[in-house]
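Sequence order for the protein chains is A and B.
The opening residue of the first sequence carries number 0 in numbering that gives the first Met the number 0; numbering runs sequentially from there.
The opening residue of the second sequence carries number 0 in numbering that gives the first Met the number 0; numbering runs sequentially from there.
Please keep in mind that the hints were generated in silico from the structure rather than gathered at the bench.
Some hints could be false.
[To be verified] Calculated lysine-lysine pairs in the DSS-like style (CA-CA distance at most 25 Å, straight line):
#1 A:Lys250 x A:Lys292
#2 B:Lys4 x A:Lys250
#3 B:Lys239 x A:Lys55
#4 B:Lys98 x A:Lys55
#5 A:Lys250 x A:Lys4
#6 B:Lys98 x B:Lys239
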Amino acid sequence: MAGVKPRMAVDLNGVAFPLPILAASGCLGTGREPGLVDLHRIGGVVTRSLTLTPTKGSPTPRMAETPSGLLSWVGLQNPGVEEFVDLDLPRLAKAGVPVVASVAGTSLEEYLRVASSLQGRPGIVALEVYLGAPDDERGRGEPFSARPDRVHEVVGAVARMSRIPVFVKLPALGNLVEMARTCVRAGAHGLTLIDGVPGLAVDAERLRPRLAAPVGVLSGPAIKPIALAAVFQVARALPDLPIMGVGGVSKGEDAVEFLLAGAWAVQVGTAMLVNPAAPFEIAQGVLAYLKGKGIAEPADLRGRLRVERGPTVREGVL
Amino acid sequence: MRRVKAEILNTRKLGDYHSVTLVAPEIAERARPGQFIAVGMPPGRAFLLRRHFSIHQASRRGGWAGTLEFVFDPRGVGTEWLAEARAHQFLDVIGPLGKGFAYPSRLTNCLLISEGHGAATILFLAQELRSRGRRVDMVLGAETGERVFKPIEGKRLSQTIAIATEDGSMGERGTAADLLPEVAETTGTQVIYAAGRRATLRKIAEFCAERRIPAQMAVEEQMGCGMGQCFTCVVPVTRKDGSGYDNLRACTDGPVFNAARILWGRWMGDEPPLLPTPPEGFPVVRSWPG
Numbered sequence: 000m001a002g003v004k005p006r007m008a009v010d011l012n013g014v015a016f017p018l019p020i021l022a023a024s025g026c027l028g029t030g031r032e033p034g035l036v037d038l039h040r041i042g043g044v045v046t047r048s049l050t051l052t053p054t055k056g057s058p059t060p061r062m063a064e065t066p067s068g069l070l071s072w073v074g075l076q077n078p079g080v081e082e083f084v085d086l087d088l089p090r091l092a093k094a095g096v097p098v099v100a101s102v103a104g105t106s107l108e109e110y111l112r113v114a115s116s117l118q119g120r121p122g123i124v125a126l127e128v129y130l131g132a133p134d135d136e137r138g139r140g141e142p143f144s145a146r147p148d149r150v151h152e153v154v155g156a157v158a159r160m161s162r163i164p165v166f167v168k169l170p171a172l173g174n175l176v177e178m179a180r181t182c183v184r185a186g187a188h189g190l191t192l193i194d195g196v197p198g199l200a201v202d203a204e205r206l207r208p209r210l211a212a213p214v215g216v217l218s219g220p221a222i223k224p225i226a227l228a229a230v231f232q233v234a235r236a237l238p239d240l241p242i243m244g245v246g247g248v249s250k251g252e253d254a255v256e257f258l259l260a261g262a263w264a265v266q267v268g269t270a271m272l273v274n275p276a277a278p279f280e281i282a283q284g285v286l287a288y289l290k291g292k293g294i295a296e297p298a299d300l301r302g303r304l305r306v307e308r309g310p311t312v313r314e315g316v317l
Numbered sequence: 000m001r002r003v004k005a006e007i008l009n010t011r012k013l014g015d016y017h018s019v020t021l022v023a024p025e026i027a028e029r030a031r032p033g034q035f036i037a038v039g040m041p042p043g044r045a046f047l048l049r050r051h052f053s054i055h056q057a058s059r060r061g062g063w064a065g066t067l068e069f070v071f072d073p074r075g076v077g078t079e080w081l082a083e084a085r086a087h088q089f090l091d092v093i094g095p096l097g098k099g100f101a102y103p104s105r106l107t108n109c110l111l112i113s114e115g116h117g118a119a120t121i122l123f124l125a126q127e128l129r130s131r132g133r134r135v136d137m138v139l140g141a142e143t144g145e146r147v148f149k150p151i152e153g154k155r156l157s158q159t160i161a162i163a164t165e166d167g168s169m170g171e172r173g174t175a176a177d178l179l180p181e182v183a184e185t186t187g188t189q190v191i192y193a194a195g196r197r198a199t200l201r202k203i204a205e206f207c208a209e210r211r212i213p214a215q216m217a218v219e220e221q222m223g224c225g226m227g228q229c230f231t232c233v234v235p236v237t238r239k240d241g242s243g244y245d246n247l248r249a250c251t252d253g254p255v256f257n258a259a260r261i262l263w264g265r266w267m268g269d270e271p272p273l274l275p276t277p278p279e280g281f282p283v284v285r286s287w288p289g
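Taking the hints into account, I'd like the entire structure generated from these sequences.
Put into structure tokens, the structure is as follows:
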């Protein structure tokens with residue numbers, strides 16, 4: 000086995016990526032200005048979440064650095080799905096990079112209209128439903144992800160309509176395994192775990208929150224163990240469900256950890272903001288690990304985590 | 000935009016500030032006043048994000064060709080680490096980033112205003128304006144004399160210079176914006192360039208709007224990546240055709256903006272009320288305790 004070059008491509012039940020490492024939503028814009036990011040050396044691009052019309056987003060400050068993390072709340076600033084399809088998608092498609100379009104909305108109708116504008120567009124291999132926006136219809140400012148019935152409604156409606164496989168991005172809150180089952184029942188093809196963790200940063204000197212929002216989402220290495228636990232628990236409960244792991248991946252080892260915990264592919268977010276070459280370097284790290292262990296492909300790592308004791312933890316302790 | 004491993008040529012302490020000179024010809028050749036660089040932090044530490052610094056000096060010719068200087072105030076974990084950096088150490092640098100200042104094509108009398116180490120970018124601009132045959136006048140402001148950045152260099156590069164400190168330890172007592180009306184009057188200012196905190200920039204912008212003086216300002220906003228990807232450093236700027244405004248990224252669409260097009264009130268939040276407006280019929284207590 001050793002000496003055989005591992006095959007790096009991954010297949011998430013029909014959704015294929017040439018490398019197991021993707022750019023996470025929000026960290027490569029909508030692909031308009033990749034800058035120093037080499038689109039040919041990346042497994043795929045998850046776009047910034049798209050809304051029906053251009054969205055201006057939150058006031059500033061939108062970010063604060065916290066220990067080993069980035070707290071941020073951009074408020075969905077994006078050019079709108081139409082401009083994305085006309086301007087940005089052709090460029091991404093030309094580079095040949097698989098695109099996962101992140102779909103956002105503040106009403107069920109908006110989700111449906113965004114998702115339908117993305118049907119039949121070359122380059123898009125999957126949709127990723129983002130549920131962190133406030134639910135203007137029923138949520139009273141709470142996000143969709145806070146209520147299983149709303150998650151079921153939104154995911155169900157998008158999945159029924161979409162001809163492209165639908166992933167759902169969930170936060171590690173509440174009974175995650177139950178929420179994952181809800182998504183599967185509603186027709187989700189797979190999950191992206193996890194969305195950022197809610198966080199608050201305080202400027203004690205000025206007696207003010209450091210973000211205008213004022214609660215943002217935490218990303219970066221600070222949330223990696225939370226994300227790993229989420230992937231691990233869901234993968235154990237639903238072993239056939241494709242999962243993209245995301246949260247604090249900045250090195251090859253981090254990605255390997257996610258694959259061992261049960262992820263089928265890994266997304267890189269905050270690390271890309273610091274190191275534009277991160278996805279490729281992480282893929283190289285995974286390759287080196289596979290070679291070293293004589294493993295043929297990333298899929299062979301999935302769920303290989305040796306757990307000595309049975310599932311003693313209450314399911315869904317998250 | 001290039002990413003380089005740049006060797007530190009030397010480091011200096013300038014009053015309360017630190018200055019670092021790098022060997023980075025790929026960046027120095029392209030750098031313009033107003034642009035900035037993103038410096039990577041050491042791996043494996045709790046502060047992850049790159050730190051962003053305006054370019055103070057970029058030498059294309061002479062004995063210092065290919066070098067780049069930036070200035071910072073060591074007041075946070077990242078800049079404190081950087082203040083410990085020494086010559087021959089290598090830094091992971093991306094730059095030049097952002098759009099720099101535009102030079103006037105007709106007008107000649109330029110007034111350059113800065114606050115604290117905002118002067119770093121302004122002094123670089125003064126050099127470029129002078130080499131283009133423009134008249135440069137300067138106003139430098141800071142909290143204390145120790146925090147006035149390179150006043151002698153400022154004097155060398157300008158026709159007239161005025162200095163204001165909040166404690167009165169150097170020049171006049173007050174802020175740079177306080178000196179503006181008088182200086183603009185006596186020097187026949189036609190164009191204004193400014194860098195500093197947004198409260199000061201706003202005052203300058205209001206003055207410019209009143210006198211109809213064109214102004215360009217390098218703004219400061221909390222930046223995540225500096226490369227246009229994260230959309231955290233936005234500034235509300237009106238569209239050219241007046242059809243509304245856009246939240247433009249200070250890192251890629253700025254950091255230099257036309258002062259007249261920044262929506263200052265929206266950007267600065269104008270101290271939003273702590274409580275949302277009470278619902279109708281709710282008794283409003285006008286003054287308390289009465």
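Worksheet item: Against which earlier hints does the structure fall short, listed by number upward?
Response: none
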